[in-house]
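**Q** Chain B: place on chain A using the hints.
As you go down the protein sequences, you meet chains A and B in turn.
Each residue of the first sequence is one higher than the one before, starting from 1 at the first, in our numbering.
Each residue of the second sequence is one higher than the one before, starting from 114 at the first, in our numbering.
What the hints contain is simulated information worked out from the structure, not anything from laboratory work.
Treat the hints with caution; some may be incorrect.
[Said to hold, decoys possible] The calculated label-pair distances, taken between Cβ atoms and stated as ranges, are:
| no. | chain 1 | residue 1 | chain 2 | residue 2 | range |
| --- | --- | --- | --- | --- | --- |
| 1 | A | Pro79 | B | Glu127 | 49 to 57 Å |
| 2 | B | Thr128 | A | His82 | 42 to 50 Å |
| 3 | A | Arg22 | B | Gly116 | 26 to 34 Å |
The beta-carbon is built from N, C-alpha and C at its ideal position, and this holds for glycine as well.
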Amino acid sequence: AQSVTQPDIHITVSEGASLELRCNYSYGATPYLFWYVQSPGQGLQLLLKYFSGDTLVQGIKGFEAEFKRSQSSFNLRKPSVHWSDAAEYFCAVGGDSSYKLIFGSGTRLLVRP
Amino acid sequence: DAGITQSPRYKITETGRQVTLMCHQTWSHSYMFWYRQDLGHGLRLIYYSAAADITDKGEVPDGYVVSRSKTENFPLTLESATRSQTSVYFCASSGNQETQYFGPGTRLLVL
Numbered sequence: 001a002q003s004v005t006q007p008d009i010h011i012t013v014s015e016g017a018s019l020e021l022r023c024n025y026s027y028g029a030t031p032y033l034f035w036y037v038q039s040p041g042q043g044l045q046l047l048l049k050y051f052s053g054d055t056l057v058q059g060i061k062g063f064e065a066e067f068k069r070s071q072s073s074f075n076l077r078k079p080s081v082h083w084s085d086a087a088e089y090f091c092a093v094g095g096d097s098s099y100k101l102i103f104g105s106g107t108r109l110l111v112r113p
Numbered sequence: 114d115a116g117i118t119q120s121p122r123y124k125i126t127e128t129g130r131q132v133t134l135m136c137h138q139t140w141s142h143s144y145m146f147w148y149r150q151d152l153g154h155g156l157r158l159i160y161y162s163a164a165a166d167i168t169d170k171g172e173v174p175d176g177y178v179v180s181r182s183k184t185e186n187f188p189l190t191l192e193s194a195t196r197s198q199t200s201v202y203f204c205a206s207s208g209n210q211e212t213q214y215f216g217p218g219t220r221l222l223v224l
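So here's chain A without its partners, still in its complex pose (with noise of 0.2 Å):
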């Protein structure tokens, strides 16, 4: 079955220090991938999203995301946190005919000063 999970439901750091979260999915096509952020009492706003080509994809905000299909992961990154980014973080995957997303569960960042 399809899937993605997000291992870490909470994620603490501190500003100015780097960020990694992890997402591993389930997926029997080749996967598009997304990250979404999602801030307090907002809707979600699309970060980065991988189709095709380079493994490596470029987001706004600073933020980037590696696929590795080896291990059917597509991990967000970002070198240097600031107290802006402390928001929740989800993970989809898709692909099928039907642009339907399969999301995570998220992963809620905070920043501590």
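**A** This is chain B only, laid out in the frame that chain A set:
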């Protein structure tokens, strides 16, 4: 440049009442989606639509009804609201690629 809007943003209702949540997009996207977001469950798909007059069930459709008479609108109706339908509801739309764009959400409380 409205994008995708949802109304109302907040709603309090009572069990057994009918409630309709509205979703409107200005991009002429073919695909539209309704999700509910609950603690510990992430986003779960309720219904989706590939085009006007074409709708299909998602993961958690029970107790909900949708329609899509116009491309830009995708209302979600709770025919007889229950407490378990207290949630945050998000509408999304998608054009000719997989990327979904989300509305700001509707917070629904069923008493």
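**Q** Each of the hints needs a verdict: does it hold here or not?
**A** Evaluated hints:
| no. | hint | in the structure |
| --- | --- | --- |
| 1 | A:Pro79 - B:Glu127: 49 to 57 Å | holds (50 Å) |
| 2 | B:Thr128 - A:His82: 42 to 50 Å | holds (44 Å) |
| 3 | A:Arg22 - B:Gly116: 26 to 34 Å | holds (31 Å) |
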